[in-house]
Amino acid sequence: MSTEKELITIITEAVLETELCKKIEQLGATGYTVIDVRGKGHTGNRGGDWKESANIQIEVVCNAHLAEVITHTLETNYFDDYAMIVYRSPVTVLRSDKF
Amino acid sequence: MIDPIILFFIFGFLASLFRSDLKIPPAIYDLLSILLLITIGMKGGVELAKQPFISLLPQIGVVLLIGFVIPLVLSPVLRQLGKFKREDAASIAAHYGSVSVGTFAVAIAFMENNSIEYEAHLPVFVVMLEIPAIIVGILLAKGIQANMAWGKISHEIFLGKGVVLLIGGLAIGWIAGPDGITKIKPLFFDLFTGILALFLLEMGLITARQLSSLKNYGFFLVGFGIIVPVLMAIGGVWVGLAMGLSVGGATVLGTLTASASYIAVPAAMRISVPSANPTLSLTASLGITFPFNVLVGIPIYYQIAKLMQG
Chain A
1 MSTEKELITI ITEAVLETEL CKKIEQLGAT GYTVIDVRGK GHTGNRGGDW
51 KESANIQIEV VCNAHLAEVI THTLETNYFD DYAMIVYRSP VTVLRSDKF
Chain B
100 MIDPIILFFI FGFLASLFRS DLKIPPAIYD LLSILLLITI GMKGGVELAK
150 QPFISLLPQI GVVLLIGFVI PLVLSPVLRQ LGKFKREDAA SIAAHYGSVS
200 VGTFAVAIAF MENNSIEYEA HLPVFVVMLE IPAIIVGILL AKGIQANMAW
250 GKISHEIFLG KGVVLLIGGL AIGWIAGPDG ITKIKPLFFD LFTGILALFL
300 LEMGLITARQ LSSLKNYGFF LVGFGIIVPV LMAIGGVWVG LAMGLSVGGA
350 TVLGTLTASA SYIAVPAAMR ISVPSANPTL SLTASLGITF PFNVLVGIPI
400 YYQIAKLMQG
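Chains as they are written, first to last, in my numbering: chain A, 1 to 99; chain B, 100 to 409.
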């Protein structure tokens with residue numbers, strides 16, 4: 001049994017991990033995944049080899065309405081001051097009761 | 100004779116400068132800093148076990164005061180002379196008010212390498228200097244606001260990795276005492292210099308990477324990153340001698356006041372004062388002040404302490 005959901009991908013500074021994960025849960029997501037990542041972008045090279053230059057990627061799967069709420073919250077609170085890339089993509093999930 | 104640990108720093112710096120792909124894995128770097136912080140904490144704790152804590156209270160009070168005063172003095176200087184906006188001035192001031200444990204470790208190694216006596220309870224001062232500047236920095240940046248998230252901020256300050264490890268080490272050293280600690284001495288104390296050497300290798304790699312941002316921020320930061328540590332070291336040495344420390348002890352206190360944080364403060368400021376540009380303060384503390392203190396500062400501060408002792 002599969003259902004259409006949305007996947008939100010957030011790539012941002014590792015220093016925000018605790019705060020963002022808390023916020024995402026408060027907004028109603030049932031879970032999230034955090035991955036250590038590295039790369040390069042607008043704010044320069046993020047080598048990821050020590051905390052201050054480390055990036056994380058947070059993934060959340062949820063319904064379209066919640067995806068809207070979460071991305072809006074990120075936009076208003078973090079886009080101005082932090083290195084943050086956010087994108088949404090449609091995903092087909094199995095066991096839809098998990099989200 | 101140049102201390103080999105300094106050569107490790109230069110080695111890392113050059114390797115990164117010439118774009119070698121040499122990297123210390125993040126988990127190893129974490130382990131190195133955990134070992135350094137716990138060992139420094141334990142050294143202080145063992146000393147606390149030997150003498151009554153109450154006799155150190157006046158010194159601790161003075162050192163706490165230094166932590167509050169430095170950012171209060173530096174912030175207006177940065178705003179007036181450096182033309183930095185309020186948040187950036189406050190953030191840089193907080194970095195310089197707080198301390199660098201890496202620099203402290205090099206100062207201790209310098210003392211031991213040259214057989215200079217110093218007070219063994221100095222690690223306690225590291226903890227004391229780590230905290231006040233962060234609080235002052237946040238207040239300078241934001242003013243007193245009714246809606247400050249003090250819960251979040253104090254969590255960041257008192258439960259940050261560095262402070263927790265230092266205090267944990269301090270407590271373990273204090274409770275176990277000089278005799279109890281001998282069992283774990285081989286890993287923490289005997290290997291200290293080797294661990295510090297590897298740590299400095301990584302610091303060299305990181306420092307060289309700050310150079311690219313230096314081009315964008317120019318001369319003021321370079322001047323600030325060198326002149327301010329020397330002035331603060333003179334102040335620190337003077338206070339150290341005035342409160343009865345030995346020449347070695349005053350040198351270490353001077354080195355502490357001269358050093359700038361690059362771990363605890365950047366994280367706390369990033370969370371609490373998001374609009375401050377983190378590249379500015381990190382470039383100054385890590386790209387200029389850290390190498391300056393480690394390579395030339397510490398021996399100079401020792402000479403200053405000897406002169407002031409007269």
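Some hints could be false.
Unchecked claim - Derived pair list, reagent style BS3-like, types lysine-lysine, alpha-carbon separation capped at 30 Å:
(1) K182/B <-> K241/B
(2) K260/B <-> K23/A
(3) K40/A <-> K405/B
(4) K23/A <-> K282/B
(5) K184/B <-> K122/B
(6) K241/B <-> K122/B
(7) K122/B <-> K314/B
(8) K241/B <-> K251/B
(9) K122/B <-> K284/B
(10) K314/B <-> K184/B
(11) K40/A <-> K122/B
(12) K405/B <-> K22/A
(13) K40/A <-> K23/A
(14) K149/B <-> K405/B
(15) K23/A <-> K5/A
(16) K184/B <-> K149/B
(17) K40/A <-> K22/A
(18) K149/B <-> K40/A
(19) K284/B <-> K40/A
(20) K284/B <-> K23/A
(21) K184/B <-> K284/B
(22) K22/A <-> K5/A
(23) K22/A <-> K251/B
(24) K98/A <-> K5/A
(25) K40/A <-> K5/A
(26) K149/B <-> K260/B
(27) K314/B <-> K241/B
(28) K260/B <-> K22/A
(29) K182/B <-> K149/B
(30) K182/B <-> K314/B
Just so you know, the hints here were simulated from the structure itself, not pulled from any lab data.
Quantities reported herein were computed from a predicted structural model and do not represent experimental measurements.
message = With the threshold set at 30 Å, check whether the alpha-carbon distance from K182/B to K241/B stays at or below it.
response = Given that 30 Å is the threshold and the Cα spacing comes to 18 Å, the pair holds.
query = Has the given pair, K22/A with K251/B, been kept, meaning a C-alpha gap of at most 30 Å?
reply = holds (12 Å)
inquiry  = Need the status of pair K149/B, K405/B: alpha-carbon distance at most 30 Å?
reply    = Roughly 28 Å between the alpha carbons, so the hint for K149/B and K405/B holds.
ask   = Are K184/B and K122/B close enough, with their CA atoms no more than 30 Å apart?
value = The given pair, whose Cα atoms are some 35 Å apart, is violated under the 30 Å limit.
Given hint K23/A paired with K40/A - CA-CA distance at most 30 Å = At roughly 26 Å apart (the allowed maximum being 30 Å), K23/A and K40/A satisfy the hint.
message = Run the distance test for K182/B versus K149/B: straight-line Cα separation, threshold 30 Å.
response = violated (49 Å)
task = Take the C-alpha atoms of K122/B and K284/B, compute the straight-line distance between them, and say whether it is at most 30 Å.
result = Within the cut-off at roughly 29 Å; holds.
ask   = Is the straight-line distance between the alpha-carbon of K260/B and that of K23/A 30 Å or less?
value = holds (22 Å)
Given pair status - K184/B, K314/B, alpha carbons within 30 Å = Roughly 19 Å separates the two Cα atoms, so the pair holds.
query = Under the criterion that the straight-line Cα-Cα distance not exceed 30 Å, is the pair K23/A, K282/B satisfied?
reply = Violated - the C-alpha atoms of K282/B and K23/A are around 45 Å apart, more than 30 Å.
Given pair status - K241/B, K314/B, alpha carbons within 30 Å = Given pair K314/B, K241/B holds - Cα atoms ~29 Å apart, limit 30 Å.
key: K40/A paired with K22/A [C-alpha distance capped at 30 Å]   = Given pair K40/A, K22/A holds - Cα atoms ~26 Å apart, limit 30 Å.
Hint violations for this structure: numbers 3, 4, 5, 6, 12, 16, 18, 19, 20, 21, 29, all remaining hints satisfied.
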